[in-house]
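2 protein chains.
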Amino acid sequence: MSTQKFNIAVVGATGAVGHEMLSILEERNFPINELRLLASERSAGKKLSFKGKEIEVQVLNENSFEGIEIALFSAGGSISKKFVPAAIKAGAVSVDNTSAFRMDPNTPLVVPEVNPDAIKDHNGCIANPNCSTIQMVVALKPLHDAGKIKRIVVSTYQSVSGAGVKAIQEMYAEAQAIIENRVYQRQIFPHQIAFNILPQIPQENAFMKNGYSEEELKMINETKKIMGDDSIRVTATTVRVPVERAHSEAVNVETEKKITADQARELLSKAPGVQVQDDLDKGEFPLASNATGQDPVFVGRIREDLSLENGLEMWVVADNLRKGAALNAIQIGEYLVAHPELLKKQVSSS
Amino acid sequence: MSTQKFNIAVVGATGAVGHEMLSILEERNFPINELRLLASERSAGKKLSFKGKEIEVQVLNENSFEGIEIALFSAGGSISKKFVPAAIKAGAVSVDNTSAFRMDPNTPLVVPEVNPDAIKDHNGCIANPNCSTIQMVVALKPLHDAGKIKRIVVSTYQSVSGAGVKAIQEMYAEAQAIIENRVYQRQIFPHQIAFNILPQIPQENAFMKNGYSEEELKMINETKKIMGDDSIRVTATTVRVPVERAHSEAVNVETEKKITADQARELLSKAPGVQVQDDLDKGEFPLASNATGQDPVFVGRIREDLSLENGLEMWVVADNLRKGAALNAIQIGEYLVAHPELLKKQVSSS
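Residue numbers (numbering that gives the first Met the number 0), protein chains in the order written: chain A, 0 to 349; chain B, 0 to 349.
FYI, nobody ran anything at the bench for these hints, they're computed from the structure.
Be aware that a few hints might be false.
Stated by the list, open to error - The list that follows gives simulated cross-link-like pairs (lysine-lysine, DSS-like), each with its CA atoms no further than 25 Å apart: (1) B:Lys269 to A:Lys256; (2) B:Lys269 to B:Lys147; (3) B:Lys88 to B:Lys343; (4) A:Lys208 to B:Lys343; (5) B:Lys256 to A:Lys149; (6) A:Lys149 to B:Lys88; (7) B:Lys147 to B:Lys223.
Modelling step: build the complete structure from the supplied sequences, incorporating the hints.
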């Protein structure tokens with residue numbers, strides 16, 4: 000490995016995903032020369048700790064990216080739309096965790112375990128998929144390779160951290176109020192989230208004319224793009240549940256070629272990024288509470304679908320802030336530093 | 000209507016469903032002559048209030064059913080197996096809320112909105128289906144009649160009250176402990192239930208060799224029996240969520256004949272026992288928190304499946320203690336008192 004170090008910017012450093020990015024960059028000993036933390040004026044001046052040093056958060060503006068080689072964006076779609084072009088202009092490659100460029104045909108949408116080579120086709124920006132899509136495709140890729148997936152029916156159980164730090168606080172505050180029989184004024188969610196189930200993501204009323212939510216369409220469209228196969232048919236119901244962290248998913252898959260439950264367990268146990276937790280005799284299956292803070296996509300409850308000749312059911316759980324966001328983005332960054340020509344390409348073409 | 004009144008026994012009167020039965024019998028002014036409350040020795044002597052009077056709970060034994068015309072059982076499968084024969088012997092018709100006789104070919108399994116006529120074939124016992132099955136088939140029957148259902152893929156979000164009063168207490172106690180950063184010793188659930196998601200119902204480790212849970216097989220087998228159509232293919236993932244009351248379900252249906260979302264809404268809005276809540280512009284869809292204490296099966300998020308020519312997605316919510324248990328049993332009781340020859344039949348054949 001080269002000993003080259005890189006100048007990295009984190010946009011949205013003070014958010015839930017930004018926080019996770021810093022801890023993963025540190026944990027994985029990412030080869031950093033300069034680490035530049037960027038956020039809105041509201042957060043500027045705050046100091047965040049990285050490898051025992053305090054780094055002051057700077058105000059994000061058009062000139063923030065001078066000298067930066069990789070910019071990790073996680074500050075909302077409108078910020079990415081505005082500042083990714085500035086990062087590209089400055090010669091940085093952006094890894095964007097928002098939905099801003101995901102379906103842009105000129106932007107690769109990448110899960111390193113699934114389609115790493117797509118990174119090579121970047122034009123200055125690589126999009127990080129939606130959290131619920133990432134964990135699902137990591138679990139489905141080995142099955143697609145072995146039996147070609149025809150159709151996916153997925154129902155999600157998504158934690159509130161996907162809606163940000165304030166959503167976590169609101170869930171606990173509302174839970175406490177309900178336990179103490181007090182009235183609670185919600186700020187984030189349109190309906191009770193503590194001790195309730197909300198079939199609406201995002202929480203702003205964002206349903207399409209066809210009745211699907213934004214999040215559901217993300218899962219449908221992003222899955223096809225990442226898998227590089229438009230023939231895969233996908234339907235989704237995405238649901239917010241009162242869990243702090245880690246998304247769970249009930250995934251039903253129909254394949255062209257029969258895959259037995261044993262074969263699926265075998266394929267998944269060898270798959271990168273996957274950890275099979277599937278010993279029912281021992282009461283072992285993936286749980287959000289166990290996946291929190293962990294890197295793998297956990298897969299269990301693997302069984303042959305009783306309603307279909309070539310069908311599988313499984314339960315897929317991963318930490319939405321790690322593999323679903325920060326970790327996946329940093330893995331893309333690791334691919335870039337392992338292929339530094341992909342960084343230079345950007346500079347030379349601008 | 001006849002002014003005849005009936006002698007009714009409630010077995011398991013002190014449990015969560017028993018409590019609900021008493022309040023529904025009162026609310027619907029069920030034509031009761033004598034109300035006999037039965038429970039285990041532990042609960043005997045307790046007094047429960049009914050229509051302003053206190054009724055003492057008696058110890059359940061072989062002689063408890065003398066003079067009883069309808070016995071409502073909700074005290075666990077082993078109690079039903081032991082005492083339903085005693086009730087039959089005494090000339091009573093039993094409505095059994097446990098799984099003891101559901102798949103017995105000599106016992107009708109009934110949801111009054113779906114297959115009321117099956118009650119006529121009873122041999123002294125009518126089984127009340129599993130809670131998650133009841134709400135699903137109420138929502139699916141009108142679609143099956145209109146377009147013939149080929150396949151169902153369902154994922155459930157089931158409240159803890161399905162596991163009894165102690166499970167509710169445990170969920171709140173554990174939630175409080177987590178908020179206060181205290182350790183909590185669970186008695187009921189094998190894993191954290193507060194702020195977590197548990198893909199295991201029942202909570203005792205009850206998985207089959209094929210990887211499905213007991214609850215999942217109930218949904219699969221009971222749906223076919225109630226709909227009277229073995230050709231319907233069903234798969235299910237049943238999941239416990241930290242909600243006190245009301246089960247939510249993401250139901251994906253494939254039909255032989257195309258049913259549009261508008262047609263489905265139209266069919267469901269006319270269907271008995273169903274209330275359509277499906278105005279996304281107003282942010283209206285079924286919620287567990289709103290369904291609690293309500294009678295209807297609420298259906299919303301109705302949309303045409305993007306992955307299938309003849310597919311529908313929908314979100315189905317109902318109070319598991321009411322329509323999912325007590326109310327359905329009492330509706331069966333109401334059918335019996337409206338057809339008193341079905342009660343006499345029992346007496347004359349014994």
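Legend entry - Proposed proximity, Lys256 of chain A with Lys269 of chain B (alpha carbon, max 25 Å): violated (42 Å)
Inset, instruction - Take the C-alpha atoms of Lys269 of chain B and Lys147 of chain B, compute the straight-line distance between them, and say whether it is at most 25 Å. - result: Cα-Cα ~18 Å, so holds.
Inset, instruction - Take a quick look at whether Lys147 of chain B and Lys223 of chain B sit within 25 Å of each other, Cα to Cα. - result: Holds. Lys147 of chain B to Lys223 of chain B sits at ~13 Å (cutoff 25 Å).
Legend entry - Agreement of Lys149 of chain A and Lys88 of chain B with the hint, judged by alpha carbon distance not exceeding 25 Å: With Cα atoms ~55 Å apart, Lys149 of chain A and Lys88 of chain B exceed 25 Å; violated.
Legend entry - Pairwise hint evaluation, Lys343 of chain B against Lys88 of chain B, where the allowed Cα distance is 25 Å at most: holds (13 Å)
Legend entry - Given hint Lys149 of chain A paired with Lys256 of chain B - CA-CA distance at most 25 Å: holds (21 Å)
Inset, instruction - Verify the proposed pairing of Lys208 of chain A with Lys343 of chain B, using a straight-line Cα cut of 25 Å. - result: violated (55 Å)
In this structure, the earlier hints numbered 1, 4, 6 are contradicted, and the remaining ones agree with it.
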